[in-house]
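Asks: For the record, the sequence lines run as chains A and B. Residues 57 to 514 in our numbering are what the first sequence lists, from first letter to last. Residues 57 to 514 in our numbering are what the second sequence lists, from first letter to last.
Be careful, since some hints might not be right.
Repeated chains share a single entry, so a pair holds when one copy, or any two copies, can fit it.
[Claimed, not checked] Under the rule of at most 20 Å between Cα atoms (straight-line distance), these lysine to aspartate or glutamate pairs were calculated in the EDC-like manner:
no., residue 1, residue 2
1, Lys100, Asp259
2, Lys163, Glu289
3, Lys107, Asp258
Source of the hints: derived by calculation from the structure; they are not laboratory data.
Number of protein chains: 2
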Amino acid sequence: MKKIFPFILFSLSALLANAQNYKSDSLNLKLMSNHILTNYQCYKDLHDLCKHIGHRISGSPQAAEAVKWGKEVMEKIGCDRVYLQEVMVPHWVRGEAKASIIPSKGKPISMLISSLGNAIGTGAGGLNASILQINHIDDLKRMNPNDVKGKIVFYNFKFDQTNINTFESYGPCVYYRWGAPSEAAKLGAVGVVIRSVSSAFDDKPHTGSIAYDKKYPSIPAVAISNLDADQLETMLKTDQHISMQMTTTCQMLPDVMSYNVIGEIKGTEHPEEIICFGGHLDSWDIGEGAHDDGAGVVQAMEVLRVFLELGIRPKRTIRAILFMNEENGLRGAKRYAELAEQNSEHHILAIESDAGGSTPFGFSMTMEKEKREKVKRWSNLLLPYGLYSFDREGGGADVGPLNRKFKTPVMELMPDSQRYFDMHHSENDVFENVHRRELSLGAIAMAQMVYLVSMYGL
Amino acid sequence: MKKIFPFILFSLSALLANAQNYKSDSLNLKLMSNHILTNYQCYKDLHDLCKHIGHRISGSPQAAEAVKWGKEVMEKIGCDRVYLQEVMVPHWVRGEAKASIIPSKGKPISMLISSLGNAIGTGAGGLNASILQINHIDDLKRMNPNDVKGKIVFYNFKFDQTNINTFESYGPCVYYRWGAPSEAAKLGAVGVVIRSVSSAFDDKPHTGSIAYDKKYPSIPAVAISNLDADQLETMLKTDQHISMQMTTTCQMLPDVMSYNVIGEIKGTEHPEEIICFGGHLDSWDIGEGAHDDGAGVVQAMEVLRVFLELGIRPKRTIRAILFMNEENGLRGAKRYAELAEQNSEHHILAIESDAGGSTPFGFSMTMEKEKREKVKRWSNLLLPYGLYSFDREGGGADVGPLNRKFKTPVMELMPDSQRYFDMHHSENDVFENVHRRELSLGAIAMAQMVYLVSMYGL
Chain A
57 MKKIFPFILF SLSALLANAQ NYKSDSLNLK LMSNHILTNY QCYKDLHDLC KHIGHRISGS
117 PQAAEAVKWG KEVMEKIGCD RVYLQEVMVP HWVRGEAKAS IIPSKGKPIS MLISSLGNAI
177 GTGAGGLNAS ILQINHIDDL KRMNPNDVKG KIVFYNFKFD QTNINTFESY GPCVYYRWGA
237 PSEAAKLGAV GVVIRSVSSA FDDKPHTGSI AYDKKYPSIP AVAISNLDAD QLETMLKTDQ
297 HISMQMTTTC QMLPDVMSYN VIGEIKGTEH PEEIICFGGH LDSWDIGEGA HDDGAGVVQA
357 MEVLRVFLEL GIRPKRTIRA ILFMNEENGL RGAKRYAELA EQNSEHHILA IESDAGGSTP
417 FGFSMTMEKE KREKVKRWSN LLLPYGLYSF DREGGGADVG PLNRKFKTPV MELMPDSQRY
477 FDMHHSENDV FENVHRRELS LGAIAMAQMV YLVSMYGL
Chain B
57 MKKIFPFILF SLSALLANAQ NYKSDSLNLK LMSNHILTNY QCYKDLHDLC KHIGHRISGS
117 PQAAEAVKWG KEVMEKIGCD RVYLQEVMVP HWVRGEAKAS IIPSKGKPIS MLISSLGNAI
177 GTGAGGLNAS ILQINHIDDL KRMNPNDVKG KIVFYNFKFD QTNINTFESY GPCVYYRWGA
237 PSEAAKLGAV GVVIRSVSSA FDDKPHTGSI AYDKKYPSIP AVAISNLDAD QLETMLKTDQ
297 HISMQMTTTC QMLPDVMSYN VIGEIKGTEH PEEIICFGGH LDSWDIGEGA HDDGAGVVQA
357 MEVLRVFLEL GIRPKRTIRA ILFMNEENGL RGAKRYAELA EQNSEHHILA IESDAGGSTP
417 FGFSMTMEKE KREKVKRWSN LLLPYGLYSF DREGGGADVG PLNRKFKTPV MELMPDSQRY
477 FDMHHSENDV FENVHRRELS LGAIAMAQMV YLVSMYGL
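Turn these sequences into a full structure, and let the hints guide you.
Replies: Structure follows, in structure tokens:
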């Protein structure tokens, strides 16, 4: 009895303390939500970024403007500290791109193309070669190089519409944009045209990075829209001798100095423990980079804003990072992790928002089991905000270097993915396709997760 | 031991049986999902309904066309039985509507208005009266009738942006459209203008039904957009003598014969047990009734289609109902329940889809606890499709009469609600604002729930 009594007392007081925390945390989470849903400053910020700066590929004047803008917004928010981190970034320029399909009989058909990011161009002289359709990389690998040599390979791999989470369809398609062009070059192909990595049935080509394997020649590579790919596929069924004429003047210029933009609020009790979160400030040079990743950028800044405007002081340091050069180099993220090492910083969590500005349903995570379990114990607090999924594995590209270098626990906000790949890396990715309330819910989810970890650690 | 052994055997076999069911059910649910996501015939049906017929208020020629269309589509699907149920419906026509705001000094400002459904018009002569702004019904109730008499009451009640589920904000606003106009008439008001029941900050007025209390005079009632309501509110802050001139020629014509459209597949083992599901075929006479409720209509038909195209025979009878006249009378739903009684039909479940065509996250339910628990035991099968919420109370308007008459268990599909009230009952509710995959996910959720109940009862 003697032993049990203090234990009961302890348990009771622990229970009461928890109960109180639960109540005040629940209230704080609701206050954050109300504040963001009624002010939705992140939506106004996104408007500003998309409409006054527009797309902002690394090294471009718009990217430089975006750095200035991000710094000013965070200074205006009133962060304890706002600073830039220098980083040299690639400077790829798209130039012109035009193409036509030339059937064995009849007139050429002009087709909208988009050079893949970091690709070399054909030069002003252009490229003309016959088209070889490849539906799956295994089909190419089985071919006699003589049948590939001198041709433009048309990768016709289709976006799988049957996955509920469209990111699961994105992965396999990306290979055809990222790595497969060099497989074609290996067999002597002189160019590549891919079916866009897109869930939309429309006429917009989608860009995105290519990664040349330096063992083989770098060859021009472009994307065509799903509708055009359908048309080309249909034509190739009855005409084996179709060629393509393409002229692309894209090129890689010398690296340019750019910056990660960082804003933070110092923790009151454990300032040395850092929770960072963010998105990438650069975007592709098509559309406005609204979902990808204007959304993540403005959500990260909104997290800082809601803490400051509600007067909530985090116990641990919270830091928003607007990463530079996610799209075609990841230089900003790598630099961030290097500097974290140089400065002996201790990150207890890194959260990324780079999956679009739609209604969120949870967070994917890569961290030790006990940490994940700790997060999942908060799920009752988060469920009223539509957040129910905490079991998926995964972080994001920009928090990857931290995770690889320090085993930093990482998370990524998971928004509904149904519309994302209709817009991603294309002209469709504009402000008008982001919804005020949906974007705000993402900011709320980020703010709530940051709040809980800032109060209770991880 | 003797007693335990058979028990273990029984448990093992039960487990195995369950495991088998779970596996084959899981497979069937996935097949349904794949089929709908790759064919998305419901999306094509919605295009047809919205673009070739358009909006279709009860009693209109378009509503008659929609009946014919719905019957033809279900016949083409190859249902066991397709039939119509006669029902007399109200025939309200909108006519013209124009208005201007007249400040005490300066020029009149013309303002876009939308007559509330079932409202009387001002007639060609119009109505001109000074405006009395009321922010909350309690403020009106406290007023001296002399201060209301002869005025146009401007109900300026705002959509609460802080609810995560926007249906929770819709409810309180609806009162100002539905019941509050008669409260104004009771005190002598001659007209009502309401701030649209809308989450959007745009210039589109949203219509919807009014219900006159017959104890008081019926007075003209119209909606203005949120932006116009903001403007009017601002003007009234500095000018107490603003009047409104409005002319509306809407009127109620004699009732018209119309129809519920029904298609069914007979159950193989318990044909007498009916699972019905549907949406409403009528819409408001603005926009195209795409989310409200073209989505529910095409999803219901898709449920039948996926069973037939995959060759899945339900053990219980499954029935799609395209209800007539949900928007301004609920006559179809009432008629359906009456006929169910006359024909001694036994409905084990009625599911409604009338909350838009966005990504679904669960079903609300009104049923006995044990039945709800039975449904919740299927939640692991449904979670991969993003369906996690089965705890909310609620059915829908069209399944209400069945529930009230027979205590039939009812459910309503719950789609993400962030964008719904931007479009609902306005010009924004068009096909272009419905997404193929999101709509399809709703159809999948409906088909899966119908499948499980058709196999295991409720």
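Asks: So, for every hint listed, does it hold in this structure?
Replies: Cross-check of the supplied hints:
no.	hint	in the structure
1	Lys100 - Asp259	between (30 Å within a copy, 19 Å between copies)
2	Lys163 - Glu289	within (17 Å within a copy, 62 Å between copies)
3	Lys107 - Asp258	between (24 Å within a copy, 19 Å between copies)
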